[in-house]
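K.L.:
Chains as they are written, first to last, in this note's numbering: chain E, 1 to 304; chain C, 305 to 603.
Simulated from the structure, these hints should not be mistaken for lab results. Beta carbons are placed, not taken as given, at the ideal position from N, Cα and C, and that holds for glycine. Careful, some of the hints might be misleading.
[Unchecked claim] Below, a list of computed lysine to any residue pairs in the SDA-like style, where the Cα atoms sit at most 20 Å apart: (1) C:Lys-481 <-> E:Pro-148; (2) C:Lys-459 <-> C:Lys-523; (3) C:Lys-459 <-> E:Leu-70; (4) C:Lys-577 <-> C:Thr-541; (5) C:Lys-481 <-> C:Ala-401; (6) C:Lys-459 <-> E:Phe-251; (7) C:Lys-459 <-> E:Gly-156; (8) E:Lys-192 <-> E:Arg-202; (9) E:Lys-192 <-> E:Leu-111; (10) C:Lys-577 <-> C:Val-543; (11) C:Lys-459 <-> E:Pro-71; (12) C:Lys-481 <-> E:Leu-70; (13) C:Lys-459 <-> E:Gly-78; (14) C:Lys-459 <-> C:Ala-506; (15) C:Lys-481 <-> C:Thr-444; (16) C:Lys-459 <-> E:Trp-149; (17) C:Lys-459 <-> C:Lys-481; (18) C:Lys-481 <-> E:Gly-78; (19) C:Lys-459 <-> E:Ser-249; (20) C:Lys-459 <-> E:Lys-192; (21) C:Lys-481 <-> C:Tyr-447; (22) C:Lys-481 <-> E:Pro-71; (23) C:Lys-577 <-> C:Gly-554; (24) C:Lys-459 <-> E:Pro-148; (25) C:Lys-459 <-> E:Gly-152.
[What the hints assert, rightly or not] Examples of chain E residues toward chain C, derived with CB under 8 Å: (26) Ile-35; (27) Pro-148; (28) Arg-151; (29) Gln-153; (30) Phe-157; (31) Asn-242; (32) Leu-263.
[Stated by the list, open to error] Pulled from the structure, derived: some chain E residues nowhere near chain C, Cβ distances all over 12 Å: (33) Val-137; (34) Ile-250; (35) Gly-292; (36) Leu-293.
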Amino acid sequence: MVVITSNIEVGKLRRTRTRVVGERFIQWVLLVCAISSIFAIFLIIVFVFSQGVPFLAETGLSFLTGSVWLPADSLAAGTWGIFPIIVGSLIVTVGAVAIGAPLGIACAVFLAEIAPPAVRRALIPSVNALAGVPSVVYGFFALLVIVPWIRGQFGGFGTSVLACWIILAIMILPTIISISTDSVRAVPREFKEGSLAMGATRWQTIRNVLIPAASSGIIASVILGMGRAIGETMAVLLVAGNSVTIPGSIFAPVSTLTAQIALEMNYATGAHQQALFAMGVVLFVFILILTGLANLVSRRRVTF
Amino acid sequence: MKKIFPIVLISLLVAAAVFGAGCTSSTNNSSSSSSSSTVSLAGSTTVQPDAQALAAAYMANNSGVTVNVAGGGTAAGITAAGTGTAQIGMASANVTASELAQYPNLQSIPICVDGIAIIVNPQNTAVTGLTMNQLMNIYTGNYSNWSQVGGSNAKIDVVNREQGSGTRSGIQSIVLKNGNFSTGGITQSSEGAVKSYVAGDANAIGYIGVSGGIDSSIKALSINGVAPTYGNIANGTYVIQRYLLFVTNGPATGLAQSFINYTLSPAGQAILKSQGEVSLNDVPGYVSSTTATTAATAT
């Protein structure tokens, strides 16, 4: 049996108890903060789905497959078909990623492996600055520079699929570059040293060892970039043309889910408003699939 | 159980706080904002520059009063007036039957007459005017090439406004006789966006309010041989025209009533004239009154 008789030891015990209570309080505060953020996304999902799913139930599959979009305030008076808009969103996203991902990954490899320190010091703040530009400024720039250029070179409206591809590729570059650079840097040095020791050139090392080793992070960054591209609203609203038709060529105008919602939400009432929420549900499903994929892929570890 | 209980308790507290914060009374807006010294307007992007000019003059004459003018389109403006978000809604088309069914106390006060100009790019030199029939065919998609209406061999780039736009409703009722627009055009969300698009595309055709400013960057067409001049709009020979309205929920009171009276006064009408609108006093046979009239259906 231990009897605590010394005053110093009793004092130490008292301070320990207070410290424990203080610790617990801090932990509770952090727990509340974490739960609030989870709650926010939970509330958003619940609200959007509660407004949109009843509308989807009433219109059925024709909402997703119909090609004519003529909204009205009551369900019966309108024609609800968003197939061209879904196709528009997908075309714009796939093209943006097809242009932006190779550029971004190449830049990431350059930054991580090849760039001399001076160039790296210049490039990294530039990439971060790209990330900080507001999307409406991107859209405005594209409207004043890219759209007239396309109209002059290729004819047509100018506000087109190609304009969306170009500006969205630029917008997703910072996401892809920063995450891919970190992934390539995180590959253990032994991999690179082993490959070089076996006589491989720098490019062979990068291509056959480093990029495959960093592939889970690179793929996760591309998927996150895809999520940003599909959710981009303001820039697309300004340069897409907002024509609810399936684009016949890359110089034809297009409408995306996000831009259509932004265009109409100011004045939509009744069934029209619920239809916009239903479009939000479709968008949510796409984005949830993409971020789920990103989480899944980034957890894989490539082992040698 | 012991570890889950605090998490559940905190979750319930956070939920209660969030839901409690969201429950606000929506009837507070109109009564509180009319007793303060601000007047809020929202709605049509056609009326917006006129309202801003009126607001500037009104604020110069009445110190201590702030007049806020926001855009958003005609339908958004009427909704804002109905819900009390704005004291005065700006509209470039009449209140529709469904809007009246939703907000039965809406009252419309005409403030001026505005012509809708059909604009093309100045480089489109061959076309100076169209008949109403040609215009209808262009907007329904039957005509797709400028050569079909006397221009060069080029595709017609049709620029529309979004569906909530009063200017678009005006074109739909007057030119298309309530038919549908074709889906081949692009959509821009404000007057300014339409104007800058047409100024940049040699083959474009669009519609803006005459007050939007027919400057050297665009060219206005004559319709059925009648140009959209002040006199032609005032005497009605330029048919694509409509009243611009201030819409209130019930009779306007307080500062909102004062602002509307200022708009209808000779000083206000002079400001509207300087903006390019046609003053109600210059419309032959128009009986001007400061009392509101309820618009029943769209013309």
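K.L.:
Which numbered hints are broken by the structure, listed smallest first?
P.N.:
1, 3, 11, 13, 17, 20, 23 and 29
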